[in-house]
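Chains as they are written, first to last, in this note's numbering: chain A, 1094 to 1526; chain B, 1094 to 1526.
Calculated directly from the structure, the hints in this document are not laboratory data.
Careful: at least some of the hints might be erroneous.
Each pair may be met inside one copy or between any two copies, as identical chains are not told apart.
[Said to hold, decoys possible] With a straight-line cut-off of 25 Å between C-alpha atoms, the simulated PhoX-like cross-links for lysine-lysine are: (1) K1183 <-> K1136; (2) K1321 <-> K1264; (3) K1488 <-> K1098.
These figures come from a predicted structure and were not determined experimentally.
2 protein chains.
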Amino acid sequence: MGKCKIGIIGFGTVGKGIYRILNSQNDSHPILNEIEIIGIAVKHINKKRDIKFENNLLINDPYELIEDPNVDVIVEVMGGTDVSKDIILKSLKARKSVVTANKAVIARYGSEIYATAAKYGVYVLTEAAVCGGIPIIEPLKRSLKSNQINKMVGIINGTTNFILTKMTNEKADYNATLKLAQKLGFAEFDPSADVEGHDAADKISILTELAFGGEIIRDSISTQGIEKINIKDIEYANKLGFEIKLLAFSERNHVDINDSLSLNIWVAPSLIPKSHPLAMVGGVNNAILIDASPLGEIMLYGPGAGSGPTASSVVSDILALHASLSKKIPSIDPLLSSNYWRDCHIADFNQISKKNYLRIICLDTPGVIGKIGDLFGKNDVSIESIVQLDASENKAEIVVITHEVTNGKFEKSKQEINALSEVELIASQLSCI
Amino acid sequence: MGKCKIGIIGFGTVGKGIYRILNSQNDSHPILNEIEIIGIAVKHINKKRDIKFENNLLINDPYELIEDPNVDVIVEVMGGTDVSKDIILKSLKARKSVVTANKAVIARYGSEIYATAAKYGVYVLTEAAVCGGIPIIEPLKRSLKSNQINKMVGIINGTTNFILTKMTNEKADYNATLKLAQKLGFAEFDPSADVEGHDAADKISILTELAFGGEIIRDSISTQGIEKINIKDIEYANKLGFEIKLLAFSERNHVDINDSLSLNIWVAPSLIPKSHPLAMVGGVNNAILIDASPLGEIMLYGPGAGSGPTASSVVSDILALHASLSKKIPSIDPLLSSNYWRDCHIADFNQISKKNYLRIICLDTPGVIGKIGDLFGKNDVSIESIVQLDASENKAEIVVITHEVTNGKFEKSKQEINALSEVELIASQLSCI
Chain A
1094 MGKCKIGIIG FGTVGKGIYR ILNSQNDSHP ILNEIEIIGI AVKHINKKRD IKFENNLLIN
1154 DPYELIEDPN VDVIVEVMGG TDVSKDIILK SLKARKSVVT ANKAVIARYG SEIYATAAKY
1214 GVYVLTEAAV CGGIPIIEPL KRSLKSNQIN KMVGIINGTT NFILTKMTNE KADYNATLKL
1274 AQKLGFAEFD PSADVEGHDA ADKISILTEL AFGGEIIRDS ISTQGIEKIN IKDIEYANKL
1334 GFEIKLLAFS ERNHVDINDS LSLNIWVAPS LIPKSHPLAM VGGVNNAILI DASPLGEIML
1394 YGPGAGSGPT ASSVVSDILA LHASLSKKIP SIDPLLSSNY WRDCHIADFN QISKKNYLRI
1454 ICLDTPGVIG KIGDLFGKND VSIESIVQLD ASENKAEIVV ITHEVTNGKF EKSKQEINAL
1514 SEVELIASQL SCI
Chain B
1094 MGKCKIGIIG FGTVGKGIYR ILNSQNDSHP ILNEIEIIGI AVKHINKKRD IKFENNLLIN
1154 DPYELIEDPN VDVIVEVMGG TDVSKDIILK SLKARKSVVT ANKAVIARYG SEIYATAAKY
1214 GVYVLTEAAV CGGIPIIEPL KRSLKSNQIN KMVGIINGTT NFILTKMTNE KADYNATLKL
1274 AQKLGFAEFD PSADVEGHDA ADKISILTEL AFGGEIIRDS ISTQGIEKIN IKDIEYANKL
1334 GFEIKLLAFS ERNHVDINDS LSLNIWVAPS LIPKSHPLAM VGGVNNAILI DASPLGEIML
1394 YGPGAGSGPT ASSVVSDILA LHASLSKKIP SIDPLLSSNY WRDCHIADFN QISKKNYLRI
1454 ICLDTPGVIG KIGDLFGKND VSIESIVQLD ASENKAEIVV ITHEVTNGKF EKSKQEINAL
1514 SEVELIASQL SCI
């Protein structure tokens, strides 16, 4: 088997991690020696870098690598969306398979990218785009392929999990914890993609298409971030036996009359019972729980980001291509490629069912719990618990946890509760599993 | 792509699970339709079976399937060792790839079986042999291939985990719980392979060869079962902040002067801190934690046995063969095959280091803790904690937890402690992580 010659585009955290794996003296499998870096495209060749490497590998123009007939595989680890989309598509059209860690591009332009790869008889592999070093894309493509996937629920953003873990452990407020996370390098200078839930939505979008087999519209995923989580919510949740985590959720709902599979997908900060396997996932770790038939429930847990873990996934994808491409045959491995096999769509938001947590600030008058309970009952919303948890001066805080109920019924109840004269404010609304 | 035609040998729990997957109306990937069952070899064709199936598929002679030129893949799910070894080897020699759920055969005859597969240009896939439905073999072969594996530690036997969980939750003794497990179908009539740790040793043997790349002698794995676990050990462990689980452990130690990798492998009931990710693995579930460079620590968790989960792994392996074999090319996929790539050996038992738990029954006289502490100190055994936990009449129970120490030093200390006139009995000895 000849060497697998790669061109790397981008030499940031992940790019350097890849270089380190391919040049380490680790006692890993000798097949790693069959990967050879032909060139690394960077913006600034002469920039000072915190890594020892062969300087003559650096070039300026990524398209030079794409057009280089010596290059078998393009590794896109530059980030961003527009330029990297162009680089991925041009590589595929040049009949070079692509390995990418770019969740934003795949979540938005997956269908175009997958179709282009199929058309030109090459692959685009994305293990590093979701959950860093945790094998999740490949198990969905291979080990779990014999199953019907029913549900996926995961903690798939490390930054927000770090912030929520820290807030929980140190009873610290959101803004102070975000600043700490930024200082420690766990949150970006502009943290919006993480804390507003968009990064998690990108990832659950990629996983959903792979698990359920159809294209979905990334921007239609209902997405709630953690910016409004109050330390009180965490304290109350803990007191009632829950942890608060930012969850990404995707579940088969029903097959509609057009044979399209309706999916219940959302990203939201959520209460999960302390005994739930996801409750122990702390810090920047990620975990994803998959419910499948006939398999049952499995969980994959590990480091969701970082140079080493993400590079490990990139290099494994390169090896998969190497094993496949070295055969020089025209047919495409159906387990390695990404193709849609059925229609899917995101269920109407109002029809989606879930459990909810609501924190209500109201006047501390007798009968207010009864009134709130009545309004839920009138709207057919079944309540798991309703607790008055804190009272100061003449104010009270009431926490309600519902059973599973459609968003439509829940939102209607919420509006009616908000209109009660005793209710001052609906301070927070979270999901529950 | 033509159909993948399989012959199934054995029609017990797993065989029936495979039949159900291939004949279900589930909304799983359409590639499953490309698998066709040609025949199912069973001992008793006319036996009453709790499954609706096409009766004309059953035949008596497994070798008929092996010799049938229509059959692409042999699926060995009959269990046992001698006959199934012969069936696997004959299938490979007939140039048919094999999928097996048989951990005992692979753990004992892996090297002969892998070599035969390589010689005849076919594969033997074993996902179902370890941890039922949890993808672990394939991640080790593929997703984690870019890493140096440092350590694997897992709960990989469902029966013993069920028993230990039940003993912990209900403060029940070992024999009563074993009987309950047998009644519920979670333990065999002859439970020895499970409770004595042999099944876990089979599995860690298979995983070790795959992760570290060299052949090891299955029967040299130090194996301790759970038969002697007393409810007192569980209570004391819980009180000190630990759970007791039957762990399988495999760790790289050092590369010796002959360039052979020394491995620290054992199976033993062990104390693990309640905060450890493995501590939450209850009932018949399995989980395996893998520490790798540069990946870090990941955990794979799920159902370790059962018809659906195990059959799910078998069918995924069949799909992997189908994707690979349909290309009809002579070269072997290096990621799909099992081959050794370096020398390994199990480290000398006395040189292996670990933490230990010891429960000592002794006379309740002043100074006995001091004497025990002195003896450990003299032998260079550092102690994490030493606690007198229970005293009745003139007896006391002392629990010692050591820091990491070589077995040699620990065993010497133990003998000297046992010789103390105040010491009546060393009641239990467990490992710790």
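Item to check | Violated constraints from the hint list, given by number and in increasing order | outcome: Number 3 only.
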